[in-house]
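Visitor: So you can see what is in the structure, the chains are spelled out below.
Protein chains: 4
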Amino acid sequence: MPEPLRPEATHVFPVRVYYEDTDAGGVVYHANYLRFAERARSEMLRALGIPHTRMLRDDGLAWTVSRCEVDFVRPARLDDALEVHSRLLEIGGASLWAEQIVRRDKNDCARLKLRLACIDGAGRPARLPESVRGALARDKSSVRKRA
Amino acid sequence: MPEPLRPEATHVFPVRVYYEDTDAGGVVYHANYLRFAERARSEMLRALGIPHTRMLRDDGLAWTVSRCEVDFVRPARLDDALEVHSRLLEIGGASLWAEQIVRRDKNDCARLKLRLACIDGAGRPARLPESVRGALARDKSSVRKRA
Amino acid sequence: MPEPLRPEATHVFPVRVYYEDTDAGGVVYHANYLRFAERARSEMLRALGIPHTRMLRDDGLAWTVSRCEVDFVRPARLDDALEVHSRLLEIGGASLWAEQIVRRDKNDCARLKLRLACIDGAGRPARLPESVRGALARDKSSVRKRA
Amino acid sequence: MPEPLRPEATHVFPVRVYYEDTDAGGVVYHANYLRFAERARSEMLRALGIPHTRMLRDDGLAWTVSRCEVDFVRPARLDDALEVHSRLLEIGGASLWAEQIVRRDKNDCARLKLRLACIDGAGRPARLPESVRGALARDKSSVRKRA
Chain A
595 MPEPLRPEAT HVFPVRVYYE DTDAGGVVYH ANYLRFAERA RSEMLRALGI PHTRMLRDDG
655 LAWTVSRCEV DFVRPARLDD ALEVHSRLLE IGGASLWAEQ IVRRDKNDCA RLKLRLACID
715 GAGRPARLPE SVRGALARDK SSVRKRA
Chain B
595 MPEPLRPEAT HVFPVRVYYE DTDAGGVVYH ANYLRFAERA RSEMLRALGI PHTRMLRDDG
655 LAWTVSRCEV DFVRPARLDD ALEVHSRLLE IGGASLWAEQ IVRRDKNDCA RLKLRLACID
715 GAGRPARLPE SVRGALARDK SSVRKRA
Chain C
595 MPEPLRPEAT HVFPVRVYYE DTDAGGVVYH ANYLRFAERA RSEMLRALGI PHTRMLRDDG
655 LAWTVSRCEV DFVRPARLDD ALEVHSRLLE IGGASLWAEQ IVRRDKNDCA RLKLRLACID
715 GAGRPARLPE SVRGALARDK SSVRKRA
Chain D
595 MPEPLRPEAT HVFPVRVYYE DTDAGGVVYH ANYLRFAERA RSEMLRALGI PHTRMLRDDG
655 LAWTVSRCEV DFVRPARLDD ALEVHSRLLE IGGASLWAEQ IVRRDKNDCA RLKLRLACID
715 GAGRPARLPE SVRGALARDK SSVRKRA
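Protein chains in written order, with this note's numbering: chain A, 595 to 741; chain B, 595 to 741; chain C, 595 to 741; chain D, 595 to 741.
Hints in this document: simulated from the structure, not taken from any laboratory.
Keep in mind the model is a prediction, meaning the values are calculated, not measured.
One should not assume that every hint holds.
As the list claims (entries may be wrong) - 16 Å max Cα-Cα, derived EDC-like pairs, lysine to aspartate or glutamate: (1) D:Lys-700 with D:Glu-663; (2) B:Lys-707 with B:Glu-684; (3) A:Lys-707 with A:Glu-663; (4) B:Lys-707 with C:Asp-665; (5) C:Lys-707 with C:Glu-724; (6) A:Lys-707 with D:Glu-684; (7) B:Lys-700 with B:Glu-684; (8) D:Lys-707 with D:Asp-674; (9) A:Lys-707 with A:Glu-684; (10) A:Lys-700 with A:Glu-677; (11) C:Lys-707 with B:Asp-665; (12) B:Lys-700 with B:Glu-724; (13) C:Lys-707 with C:Asp-652; (14) B:Lys-707 with B:Asp-674; (15) B:Lys-707 with C:Glu-684; (16) D:Lys-707 with A:Asp-674; (17) A:Lys-700 with A:Glu-724; (18) C:Lys-707 with B:Glu-684; (19) D:Lys-707 with A:Glu-684; (20) D:Lys-700 with D:Asp-674; (21) A:Lys-707 with D:Glu-663.
Stated by the list, open to error - If you want a taste of the chain A side facing chain D, the calculated C-beta under 7 Å gives, among others: (22) Phe-607; (23) Gly-619; (24) His-624; (25) Ala-625; (26) Thr-647; (27) Arg-648; (28) Asp-653; (29) Leu-655; (30) Ala-656; (31) Val-659; (32) Arg-661; (33) Val-664; (34) Trp-691; (35) Glu-693.
From the three backbone atoms N, C-alpha and C, an ideal C-beta is built for every residue, glycine too.
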């Protein structure tokens, strides 16, 4: 998996921690960082002009997480104001890699690397449509397109 | 809404409390009792021979919760072994009323009354198919059929 | 339970629907409206100067939902932009009633009425501290204080 | 991270898929496999005589997921009967590695590798108590103890 290319091409999404996100340990339940990250990716894609419902309607396609690696670095707690910093790492023919870091102030709470696969209505891998690829690469310097 | 008819016609479903179910208050997060209740209803319907996927495949129909009332009586906690006691209260033309009580030992943690509406693929109210009505009323004495 | 007093004293909180909120029926899972409502109440209390963590630190107190009634009126879907409209109905000695409506545009998706009890660290009912009562009643015309 | 040692020393835990687990894509929401896995680990530890609440009461210690890697191989769907196959890979001084595979029949739906850290009440890393280490290594041939 490649390293991030340019730190400055990053989508930032705020997340507030509510009771629903915490567990009896008094901290954010680990699986919920994946929910935070998915919200942030949804907003990043919306900002790029390709919200889920549009991609589904126009192309019959959706994203699915095919792999993720998460380091849980520091617990977040009730009422915390977090930020999810999301970056595309690489765009392949039918998938992409993204890095997402959940932060409180300057401190990382969780670091995720995910592979998102593009799938059709039957759940089969599908090539990224040119419109989607174009939107993702709009800020061309922020991602490296595979040969 | 009618009162329960016969205490003995009750479906009992065990639920264990895991970290995912709790919140930073150290107790089960209130909305999660609705998840427990929905699991129990799913198993009650499966036991009656009409699991969700079968009703969907055979009749193109599904259940939706159209109203619920919940009294949160006593907190449940991590590792607690709970039971959901579910009872049909009344079967209407396109809906049914159920009562569900989440218990730890003999103590009630939450009491729910719900109206479930039968809907078609477009989300419109639909009459209960005879097969479904028959399955629900199999133990005829346990429910009162509306005129 | 009393009727709402003044429609104009309402806290409005935006909620976007993500994949995590939906279910295989293609709509928002019913229990998740309670999560949306709890987020909105948390922000309403924060706006009144009494976020959960402050009330816990200053007074050793927390809110717990002791009863809720929900009407699920109209399904919300992926990518929908919702609003939660929250209103205090009545402030008692150790609890309050609130009404919350989850809307998409001008249409109600879910309507909730909830009783929130104030509890101490042992989970016992506790009187609302004057500071909290004062904050809640700041806009005095918006709520009716019980005798 | 080491490879599993003995396929036969595996804890198997059944999970049924309910509406709450699915999303609008019609499949199990990716983050929920982590919930399934956590349920299975909780039961594995209970079977070994060290449920969460006992470790907390006796030693003031808890487990926290410090890293996980998940491959989402094949979607699970509503009403599916899954199994979580859990195996300890390695026991360190203050942590352990586990492998968990979520299966439907003979097919893998998700494969997880996790590092669980033992922490004290302040969230600091803590050495595994001998009682816990002993319980984990009860079936000594199933795990390799680090030097």
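Visitor: Hints first: check each against the structure and report whether it holds.
Guide: Do the hints match the structure? See the list:
1. D:Lys-700 with D:Glu-663: Outside the cut-off at roughly 21 Å; violated.
2. B:Lys-707 with B:Glu-684: The hint holds at about 11 Å.
3. A:Lys-707 with A:Glu-663: The hint holds at about 5 Å.
4. B:Lys-707 with C:Asp-665: Holds, at about 12 Å.
5. C:Lys-707 with C:Glu-724: Not satisfied, since the Cα-Cα distance of roughly 24 Å exceeds 16 Å.
6. A:Lys-707 with D:Glu-684: 24 Å, violated
7. B:Lys-700 with B:Glu-684: This hinted pair is violated, its Cα atoms lying about 25 Å apart.
8. D:Lys-707 with D:Asp-674: 23 Å, violated
9. A:Lys-707 with A:Glu-684: Holds - the C-alpha atoms of A:Glu-684 and A:Lys-707 are around 11 Å apart, at most 16 Å.
10. A:Lys-700 with A:Glu-677: Since the Cα atoms of A:Lys-700 and A:Glu-677 sit roughly 10 Å apart, the hinted pair holds (cutoff 16 Å).
11. C:Lys-707 with B:Asp-665: Holds, at about 12 Å.
12. B:Lys-700 with B:Glu-724: Cα-Cα ~37 Å, so violated.
13. C:Lys-707 with C:Asp-652: Given that 16 Å is the threshold and the Cα spacing comes to 28 Å, the pair is violated.
14. B:Lys-707 with B:Asp-674: Status violated; Cα separation ~23 Å.
15. B:Lys-707 with C:Glu-684: 24 Å, violated
16. D:Lys-707 with A:Asp-674: Judged against 16 Å, a Cα distance of about 28 Å means the pair is violated.
17. A:Lys-700 with A:Glu-724: Given that 16 Å is the threshold and the Cα spacing comes to 37 Å, the pair is violated.
18. C:Lys-707 with B:Glu-684: 24 Å, violated
19. D:Lys-707 with A:Glu-684: 24 Å, violated
20. D:Lys-700 with D:Asp-674: Judged against 16 Å, a Cα distance of about 13 Å means the pair holds.
21. A:Lys-707 with D:Glu-663: The hint holds at about 9 Å.
22. Phe-607: 16 Å, violated
23. Gly-619: 6 Å, holds
24. His-624: 4 Å, holds
25. Ala-625: 4 Å, holds
26. Thr-647: 9 Å, violated
27. Arg-648: Violated, about 14 Å.
28. Asp-653: 15 Å, violated
29. Leu-655: With a closest approach of 11 Å, the A:Leu-655 hint is violated.
30. Ala-656: This hint holds: A:Ala-656 lies near chain D, its Cβ roughly 6 Å from the closest one there, short of 7 Å.
31. Val-659: 4 Å, holds
32. Arg-661: 5 Å, holds
33. Val-664: Interface hint status for A:Val-664: holds (5 Å vs cutoff 7 Å).
34. Trp-691: 14 Å, violated
35. Glu-693: 15 Å, violated
Hint compliance for this structure: hints 1, 5, 6, 7, 8, 12, 13, 14, 15, 16, 17, 18, 19, 22, 26, 27, 28, 29, 34, 35 are not met, and every other hint is.
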